[in-house]
Each structure stands twice: as C-alpha cells, then as structure tokens.
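Asker: So the chains spell out like this:
Protein chains: 4
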Amino acid sequence: MLVEKIATRFSDTDGLGHINNTMLPIWFEGARDPIFKIFSPDLSLNTWQLILAKFDVEFHGELFYGQDIELRTCVSRIGSSSFDVYQEAWQAGRKCASGTAVHVHFDHNEKTSMALTEALKDTLLSHPFKKNAE
Amino acid sequence: MLVEKIATRFSDTDGLGHINNTMLPIWFEGARDPIFKIFSPDLSLNTWQLILAKFDVEFHGELFYGQDIELRTCVSRIGSSSFDVYQEAWQAGRKCASGTAVHVHFDHNEKTSMALTEALKDTLLSHPFKKNAE
Amino acid sequence: MLVEKIATRFSDTDGLGHINNTMLPIWFEGARDPIFKIFSPDLSLNTWQLILAKFDVEFHGELFYGQDIELRTCVSRIGSSSFDVYQEAWQAGRKCASGTAVHVHFDHNEKTSMALTEALKDTLLSHPFKKNAE
Amino acid sequence: MLVEKIATRFSDTDGLGHINNTMLPIWFEGARDPIFKIFSPDLSLNTWQLILAKFDVEFHGELFYGQDIELRTCVSRIGSSSFDVYQEAWQAGRKCASGTAVHVHFDHNEKTSMALTEALKDTLLSHPFKKNAE
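Protein chains in written order, with our numbering: chain A, 261 to 394; chain B, 261 to 394; chain C, 261 to 394; chain D, 261 to 394.
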C-alpha cells in the first residue's frame, strides 16, 4: 500500500484526550494525493476531474497525540466511471482506523460523470490494489 | 426529525467552490448534541459515556457557501450497547448529504462497552426514530 | 455591534477540555459574513473582492463546550484600500476572546489592491463602528 | 530556525483556490511541538503546563495546494512567566505567512500562571532564538 507518515497536532485532539474522529476524513483525503495526481498531475484545481460520492470511517482503536500516524492507501475497486480507495491509519503498530472513499470521474463544467478511459483504469491498477472485502 | 439550522462559512469551502466534504462529519457530530445530552445532560466531558465506532457520509448534491444548512437527525437503530444516528444535510430545499454514525455506550475509565439500560433505550426511542434502510 | 450566536461542538474541544484556540479564527471569519456581503451581496466566490492581510486573537478566558457563543463584530478602521474588523467571543456573560482582522479590497484577477470607493466607505461606516484602541 | 516540512491537502483550500487563512494557526501550533516538548517531553496532555495568551498571523503571499510547506520556528521572547514563538510559512522559496504566539507557563489545576524556572529559560534559550522586531 502507499504509505504517508504524518505528525499529530495538539489541535487534532478533543476533550476525551484522544484524536477527534473528524480528523480521519481530513487525513485520508490528504493521503489520496497520489491518486488525485493520476487525474491532475500537478494537483491543479482548475483541471480537477473527481468528485466524492461517499466515504466511511471505522474506528478500531483510539489514536493519540504525540506519536506519528502511518496512513496506508490502496485502490480497492475500479468501475466504469467511479473507483474506491481503501485506507488505514496506524499508530504505534496498531491499526486504529480504516475507511473507503468512492470517487467519481466528473466533469465539473458539465456537472456529469465521465467514463474512466482504459488508460486511467490501467494507471489506477498500477497502484497498490486490494479488492474490497465482501 | 430533530432540526438544527447552521450558517455556512467561507472557510468551509474548498478549491472547487463548494463546501468541502470534510465539513459533513463536523456538522453531523455537532447536530448530535441532543443525543449526547441523553448521556451527559450538561455535555460535561468528564462524564462522557459514548465512543464513535464508525460513520459514513453519502453525497447527493453539492453544498454551497451563502445559504443556511438544515441538519436533520434521528435515531435509526438501538442495539444492546450501541445505537445508530441517521442524519441529513439540506440546503435550498435539496437533500445534499446523508450519513449514519454508530455510537457505543462506553466506560472511558474501564475502556469497555456498557449495556444500554432500559431507561436509556426508552429515552432514545422518545426521540425521532427512523429505522435503518435495509 | 453585530451579534451572531453559535453552538459549540464536541469537535471544537481539545485535550485540555476547553475549546481549541484554532477555532477562533474560523468563528470570527464566519461572523464577518455581514461585512463580506457589502462586497459580495450573495457571497458569490466568483466576484470576491477581499483578501486577508493579517489577524490576531487574544484570549481572556477559557471557552467551553456546552454553552452557546456570542460573536460580536464591528468595523474598527477604514483606510484607503483596507479596513479592520474587531470581534469578540462571549460565553456565559464573559468576554473570552477578541481579535482584529485586516482586510484589503483586492482584485483577484489583477492580483492588486483596489481603493475603497466613497460608497463602500459609507456602507462600512453604516455598520457598527468602534475605533481601534491605541 | 527549527524546520518542519508538511504537505498541503485538498481540504486546506478555499473557494478562492488558495490555502484558507484558518490553516495557519493550525500549522503553526503543530510546528510548535519541539517547544511543547520542553514542558511535556512525551506531549502528555495530563501534565500540560502551557496556555495560549494570543497569536497573530500576517500574510505576505498566497499559499497553494500542491507544493510542500516549510514551517520555520524560533523562540522570540522569554519573560518571567511567558514567552513568544515566532514562525514563518514558506512555499516554493517565498515567505508567505508569519506570526507570533504568546504562551504562558500555566498550572491548569490552580488556573494560575507559573514563573519560568531558570532551567526552563535556559532550555528555551538553547533553541533557535530571534528577538521580536521592535
């Protein structure tokens, strides 16, 4: 899987003394940059071709401030005009959260979905891939 | 359903000109306050009895800066020690996002789940309820 | 002063059990919407004419989750191409934070500042005004 | 100066196509971790001895999504019970933002400030230091 290491921040915590759950969608979206670059190599917002259809996050253990987070990312489904990205957040050797984001290949001017070309599918497949669990 | 109206903020937007997806878990968690008050009437963090097991968000349409958001909230499942909350975000008469959060009744000192008492289940049932879609 | 009331959210807290300081610039920017509407009546991002030059926040007391916040806003300086907005955050009858934001009237296509017309200055002056403390 | 390199995220942007100003206090607080460790070596929230009295951020140029940010940090004033931290955010060889945070050495149980011991002052002085501009 693609791996990004990030530091935790004081402002990521909440009143229960751990990392607040709302940080996970932010961290996971950040770690999808290598996938975004398939569609927009320089991450230019003017040529953005994706939209988020849904995402979920599951918590397996608490995350804490003070130790780095390892974000692991892979493609987990490739459809005709959409694809899934599965991600995990690890800390101190424990998988603490996981989730899947569904992106649609999208024309922001026409406001319609676009088919994934074979070239795009091949590039997606060249990234770490792990089929969605049934 | 429980209804909370909130204003959008300039900082909620992203480079595509709409509300960024990472705001939805923040808005939805905020709109679960009436549910949190069942367990902690004054929202005191010292007696907090809940932990989030998972959540998902589905996007049905773009949300924009400049028009108020209506957040609709209801209980959608009551289990032995956990329950689901289903929520929607509406803007200008359109349902733009929806999602479900799974909370576990949790003892933060012992780090174990706790059964929902009949009294708690009754109070949860006294709130707007809509069974999870199959 | 202009007044906006907002609810606190669980996710606004940090590990010290109070509202994290990084929420204040977000709340204050949100409460500047009436000022933004002078320049962009429908808050359309396509015709945005402002840029933020600087801001500061001073903390007078802790803010807590569970009680509404009252955000008070006024214009505090009008220059030739820029102006200041002074703001306060109150909770439970106490002024807990204050700050000033300096906005520049800005042409985002030309990337240059623009003079404030007399009409704009008059509209700014028609809002609650409190001269910057020396 | 202390240097931390961070990646930008899609969710950091706003509707004007650049990084939203509210990210700077979050980034700067994150980059103060080496200073926080003087007071709490393992960043444990239970023994936290600091509180933020004020901070300011000044913008010198726009920050964009897609290129790493370099955060530079130094101590800039040491008082009897408080100290200042001055920070800059650089991107693509340009200083785009700067700011100063004022921290007070604080007893969170007694809710009172504490004098900085000579040992703490020496440790603060052993970090990169740049006197506040007059």
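Do not rely on the hints blindly, as some may be mistaken.
Which copy? The list can't say, so a pair holds if one copy fits it or any two copies do.
With a straight-line Cα cutoff of 35 Å, these simulated DSBU-like cross-link-like pairs (lysine-lysine) come out [what the hints assert, rightly or not]:
| no. | residue 1 | residue 2 |
| --- | --- | --- |
| 1 | LYS355 | LYS371 |
| 2 | LYS381 | LYS297 |
| 3 | LYS297 | LYS390 |
| 4 | LYS314 | LYS265 |
Honestly, the hints are just simulated from the structure, not real lab data.
Asker: What hints, given by number in increasing order, does this structure fail?
Answerer: none
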